[in-house]
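Quick mapping for you: the protein sequence lines, in order, are chains A and B. By this note's numbering, the letter at position 92 of the first sequence is numbered 92, and the numbering carries on one by one without gaps. By this note's numbering, the letter at position 160 of the second sequence is numbered 160, and the numbering carries on one by one without gaps.
Bear in mind the hints are in silico, worked out from the structure with no lab data behind them. Predicted, not measured: the structure shown is a model, and the values here were computed from it. Mixed in with the good hints there might be a few duds.
If you want the ones that stay clear, here's a sample from chain A, every Cβ over 10 Å from chain B, calculated [stated by the list, open to error]:
1. 257
2. 271
3. 280
4. 357
5. 377
6. 379
7. 387
8. 391
9. 394
10. 476
One-sided excerpt, in silico: chain B residues whose CB lies under 8 Å from chain A [stated by the list, open to error]:
11. 59
12. 191
13. 192
14. 196
15. 197
16. 198
17. 199
18. 201
19. 204
20. 213
21. 284
22. 288
Between beta-carbon pairs, the in silico distance windows are [as the list claims (entries may be wrong)]:
23. 283(A) x 189(B): 21 to 31 Å
24. 189(B) x 29(A): 51 to 61 Å
25. 112(A) x 241(B): 30 to 40 Å
26. 162(B) x 158(A): 31 to 41 Å
27. 69(A) x 136(B): 50 to 60 Å
28. 136(B) x 87(A): 56 to 66 Å
29. 20(B) x 64(A): 31 to 41 Å
30. 115(A) x 155(B): 57 to 67 Å
Where a beta carbon is used, it is the ideal one built from N, C-alpha and C, also for glycine.
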Amino acid sequence: MSSSAPVVSLERVSVALPRGGDRAHAITDVSFEVGRGEIVCVVGESGSGKSVTAQAIMGLLPKGQLALTGGAIRLEGREITGLPQSELRRLRGQRMSMIFQEPMTALNPVERIGTQIGEVLEIHTPLSPAERRQKVLDIMAAVHLPDPASMIDAFPHQLSGGQRQRVMIAAALVLDPVLLIADEPTTALDVTTQAQILKLIAEMQERRGTGVLFITHDFGVVAEIAHRVVVMQHGRVVEVGTRDEIIRRPAEPYTRMLIQSVPSLEPPPRAPKTSTVALATDSLSKTYVSGGFLSGKRRVVKAADNVSIDVRRGETVGIVGESGSGKTTVARCIARLIEPSDGVVRIDGIDVAHLSERRLRPYRKHVQIVFQDPNRSLNPRRTVGASIIEGPVNFGEAPADAMRRARDLMQLVGLQPEALDRYPHQFSGGQRQRIAIARALAMEPALLIADEAVSALDVSVQAQVLRLLDDVRERFDLAVLFITHDLRVAAQICDRIAVMQNGVVVEAGPTAEIFAAPSHPYTHSLFAAAPGRNVRFGEGLAVEA
Amino acid sequence: MAVADATPLRPRASVVRQLVRSTSVVIGGFLVAVMVAIAVLAPALGTRDPAEVNPSVRNKLPGYEATIRDDDGNKVPVSYRFGTDSLGRDIYSRVVYGARVSLIVGLTVSVISIVVGLLIGLVAGYVRWLDGIIMRLMDGLMAIPAILLAIGLVSVFRAGLFAVIAAIVVPEVPRVVRLVRSIVLSIREEPYVESAITVGTPTPLLVVRHVLPNTIAPLIVQGTFICAAAILIEAILSFLGIGIPPEIPTWGNIMAEGRTLFRVFPHNILYPGIFLAVTVLGVNMLGDGLRDVLDPKMEQRG
Chain A
1 MSSSAPVVSL ERVSVALPRG GDRAHAITDV SFEVGRGEIV CVVGESGSGK SVTAQAIMGL
61 LPKGQLALTG GAIRLEGREI TGLPQSELRR LRGQRMSMIF QEPMTALNPV ERIGTQIGEV
121 LEIHTPLSPA ERRQKVLDIM AAVHLPDPAS MIDAFPHQLS GGQRQRVMIA AALVLDPVLL
181 IADEPTTALD VTTQAQILKL IAEMQERRGT GVLFITHDFG VVAEIAHRVV VMQHGRVVEV
241 GTRDEIIRRP AEPYTRMLIQ SVPSLEPPPR APKTSTVALA TDSLSKTYVS GGFLSGKRRV
301 VKAADNVSID VRRGETVGIV GESGSGKTTV ARCIARLIEP SDGVVRIDGI DVAHLSERRL
361 RPYRKHVQIV FQDPNRSLNP RRTVGASIIE GPVNFGEAPA DAMRRARDLM QLVGLQPEAL
421 DRYPHQFSGG QRQRIAIARA LAMEPALLIA DEAVSALDVS VQAQVLRLLD DVRERFDLAV
481 LFITHDLRVA AQICDRIAVM QNGVVVEAGP TAEIFAAPSH PYTHSLFAAA PGRNVRFGEG
541 LAVEA
Chain B
1 MAVADATPLR PRASVVRQLV RSTSVVIGGF LVAVMVAIAV LAPALGTRDP AEVNPSVRNK
61 LPGYEATIRD DDGNKVPVSY RFGTDSLGRD IYSRVVYGAR VSLIVGLTVS VISIVVGLLI
121 GLVAGYVRWL DGIIMRLMDG LMAIPAILLA IGLVSVFRAG LFAVIAAIVV PEVPRVVRLV
181 RSIVLSIREE PYVESAITVG TPTPLLVVRH VLPNTIAPLI VQGTFICAAA ILIEAILSFL
241 GIGIPPEIPT WGNIMAEGRT LFRVFPHNIL YPGIFLAVTV LGVNMLGDGL RDVLDPKMEQ
301 RG
């Protein structure tokens, strides 16, 4: 085995999809390599075949569905494509290992952390239990898990998301593999946790000389840790290059389009709005009480505490925060999907916070909401036309009139009016999100709440939907409340933002001011954690399609 | 702004085609169809009056040929394909007519359980404050065994179809309620239901339009299993003598009657037993197949 051979090299690797798929191959002629101590990012949108590439290397392609049809995969110069399962099993864990997106589901909930990390050792080494335990403690210390001596006997649910991902990394690295494959390992994590995990992966690669194949859709992450970048689209490699080549001087139009779609962290200057206030909340609170009578300890959680936000017509106000910050609770209180425990929600001057469902109904049409998951925001059993006209018909509009308006709305959100009698599954995620916007607009609302409305979308689609939202805001003089965890998106679309943490608004003000000079330490740490903050991304929103 | 590209029309595998492709749906459906045909066409299948007692041909083996006088005094040849029981009744006719009772009980019980369970389940899942009360009540009902309940009902009312159906429905309803409630609880959190709330859809319409359709597929599947269980329990109750009165031919009654002479004349129990087993097998296979086709989660795994 020559030491100069790359850790892993792929040569014209193809994987066939089962018949009846939307294309013949999941990946076609994929070639690249990962050198020793190198971080190679595979970046692409959903359906680009980046995860299939990782599965092919690990020999983990789902049996009976995907099959390797051509090409060679070499691990440290040794061909591994035709190897029997037993041989591959020996290599997995020892020479190559993998970490996944969901740290919760990747760990067994009923086994102790130490046992799970030590499992690889138990299978692949003749070490005694005591030696194993020592080695597990060492690796846990190496990935900076706090107090390994007591955590080794903890169960996964006792750890935070970031700690669980550290455990996964510890288990992957305990045998010092030459190749670590990380499949979107930080996508499910909050931005501050993500920053820590990225730092850890970079540190491990440096200290141990591990080659890392890092799969991601996030160019911020790429800018943060990649040495080299592989851009994939529709199962093919579009472009390979060093990080700076790809990010600063992309050669291919597709790469350029992707990078231009990444919203910049620098908010454009915006004039303050002085129009009438469409929504004002005053000391809005939502308290959840669990337990109590008959069922154990009483627990009180303040999901939202004393939140006061106002949005003017034609203005976009962002609520920014990590998971559990209470931003969605605030949105749901305003939309009156839940009743606030306390406080005032004034829509066009009327307090709707505690109205009964019957009294509330006339005000329902003033507030509309667009949800995160495009797969679930439309009833799969109803045509999109039926979904769009449902609201207007509820308020007495004749179905034929409503349908006529729905046709105009479809055109407005960039879809063909003829598609009204199709079902949601016939549309892509971005298209479904456009339909959800059309449904909201059909009510002619004063306030549109976008609850992480672009978070589940690919970056190029995200840019289009953001442009659409901005477009309709202007055209209908809408007040928009934009809930997001993504600072880049917030920077581009919001006039003002409120930063939330643990149910409390810690800082609020014009976007440009907060981005320029955050005053609260939490806001500081959020900005510091934003991946790729040192790289200026293309003026995606400014470039017209 | 640019109009997004034409919406790609992905072909949707039709449910009917999937059903036809599923082996267990085809086999189960065929068995059930045969049983239904037998029950409906019973008079045309060369049967005699299943209640007719003829002391001269008691305890005959299958295939026995006899000549008996009919009502007008003419001698007619009769072939007892499945033999006769200890009262000289034709077992073939009794088994064929017995299919009627079994299928009526199975169908009635599943329809009543599904409808009642669906209504209670929707209320329990949607009206939060009623949830606890209804579910504790259901837990109580579930604790009553069908057989004990049947004995109780028979001692209060007369033994008969009504008592049997009531005795089977009561413990089945809570199972349906649980199923419906759990579906409602997960569907009511779906963004599309919440969107419907924000566009002002009144609650009854919301439930019927957005929640109810999601319960139909699982309920069809559950219905087949209830049907199979009901057919079995009815046979058990009749066998124990607490179900349908013994003069009415049901598979359970035939077996109960043949029990005493089982060692000498096993056909008394064998034929109704085979019919019972085939019917339950058919209904269960149909239910299994339907679940695989209708339940999207199972489909992905398969």
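**Asked** Failing hints, ascending?
**Response** Violated hints: 4, 5, 6, 7, 8, 9, 11, 19, 21, 22, 24, 25, 26 and 29; rest satisfied.
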